[in-house]
Each structure stands twice: as C-alpha cells, then as structure tokens.
Amino acid sequence: EPEVTQTPSHQVTQMGQEVILRCVPISNHLYFYWYRQILGQKVEFLVSFYNNEISEKSEIFDDQFSVERPDGSNFTLKIRSTKLEDSAMYFCASSEQGRETQYFGPGTRLLVL
Amino acid sequence: GEDVEQSLFLSVREGDSSVINCTYTDSSSTYLYWYKQEPGAGLQLLTYIFSNMDMKQDQRLTVLLNKKDKHLSLRIADTQTGDSAIYFCAEIPNSGGYQKVTFGTGTKLQVIP
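The listed protein sequences correspond, in order, to chains A and B. In this text, residue positions in the first sequence follow this note's numbering: the first is 933, and each later residue adds one. In this text, residue positions in the second sequence follow this note's numbering: the first is 222, and each later residue adds one.
Worth flagging that the hints you see were computed from the coordinates, not collected in a lab. Please read these numbers as outputs of a predicted model, since none were measured by experiment. Glycine included, each C-beta is placed from N, C-alpha and C at the ideal position. Please note that a few of the clues may not be correct.
Claimed, not checked - Counterexamples of contact, computed for chain B against chain A with all Cβ distances above 10 Å:
1) Glu-235
2) Asp-247
3) Asn-273
4) Met-276
5) Arg-296
6) Gln-320
Claimed, not checked - Here are some of the chain A residues that sit facing chain B, going by a computed Cβ distance under 7 Å:
7) Val-944
8) Phe-1036
9) Gly-1037
Given only the sequences and the hints, what does the whole structure look like? Please build it.
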C-alpha cells in the first residue's frame, strides 16, 4: 500500500541553524501538508501546498518557514533559523484532492538545543 | 468554539469494549476521522465517516455520528493490548480554511491485560 515517507526520522540542531525536513508524498496525490505536534500537545496545521504554491497557512507558519517541491517527488519544509520552541514532531501529509482524506507520514522529531 | 474536544484518558481491560468520544466544531464538516498514534510513532488513519452517515463498521471498529449534537464516537470491540495508543478525532471544517485537518486533544487508551 502506498505511504507517505519522511526523512530524517530524528534531527538534532543548534538554535539559529537551518533545517530541511523532507517528505515523499503518495505518488498520485496533488495536495501536500505540514503539521507539527509539540510534545504532549495537539497536532497543529502549518501549511498546505497545491499546484506549486501555498494554498493555506496558519499563524504558526511565519517568515522563518518555507516549503518547496523541488522535483516531482519530494516536498520539503525549511526552517531558516531554528528556535527552541520549534522542537516538535513534524508530520507531512498528502491527499488526492483538497477536501479528502489526508494520509500522514511517520514524522520527523526535531530537537533544537 | 474552535476546539475539537475529547476526554484525555480511558482505561479498559483486555477483551472489553472501548468507547472514545469526541465533540467536533463544524456541523458542515464533510469528513470526520479517527487517527491512531502509537508511542513515538506517526498518525495512522484508522477510519473515517462521511457526514451523511450515522454509523460505519469496520471489523472491530464502529463509528457513530450524531450530527445534531456534533458528537462522534469510536467503539473498539474486544480491545487488545495492541490497541493501547492515543486516538485523535479530526475534522476538515468547512469554515476557517478548507484544507486543514483540525485535530482533537487526543484520548490516551490504556488496555490492562
């Protein structure tokens, strides 16, 4: 069964450093998403992406964040200058259509020191 | 309100039925979901229900939907120790953005052998 994959599974970085989290969505899906889950808290929406542009973003997704689909398979989330409060599990998701079921990857656990 | 509400914790004995309840926010949500998150793992889509249905059964899982009260429940029959996890109720609301999944607070299910 097709699934969303994410790399790396864990990342440790120093405050102020840039990180890039990678995702490979399900191949025939057209909509891509990033969510995050701070330890012990709810899963929160960050951004959705369709047709090579951001279609929706939350207030969390400020200028430090960017997303890109650099080729036909990868979907990336970049955090330009990480802060301690960026420490969280980051989930990528994809869906075939915009209002349909989203399938989530296993997540990348980011720790900012 | 904006929050999808769930009770935080449920403890059941192995072999008993578990019922996890959720109150969601948007009565016009088209899809309502249950996701399962095992410790340290990603979000696994368990099941979903269309808003024009009252009930959906899938093997040991039964989803009940009460649109009038905006209440969703997940019943797990013959609960096993492998069902121990956090269960998230989720919706894609029709208001406040059309693509993001809004997650509940999560219910931690503990199955006692």
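Results for each hint:
{"no.": "1", "hint": "Glu-235", "result": "holds (26 Å)"}
{"no.": "2", "hint": "Asp-247", "result": "holds (12 Å)"}
{"no.": "3", "hint": "Asn-273", "result": "holds (14 Å)"}
{"no.": "4", "hint": "Met-276", "result": "holds (18 Å)"}
{"no.": "5", "hint": "Arg-296", "result": "holds (21 Å)"}
{"no.": "6", "hint": "Gln-320", "result": "violated (4 Å)"}
{"no.": "7", "hint": "Val-944", "result": "violated (16 Å)"}
{"no.": "8", "hint": "Phe-1036", "result": "holds (4 Å)"}
{"no.": "9", "hint": "Gly-1037", "result": "holds (6 Å)"}
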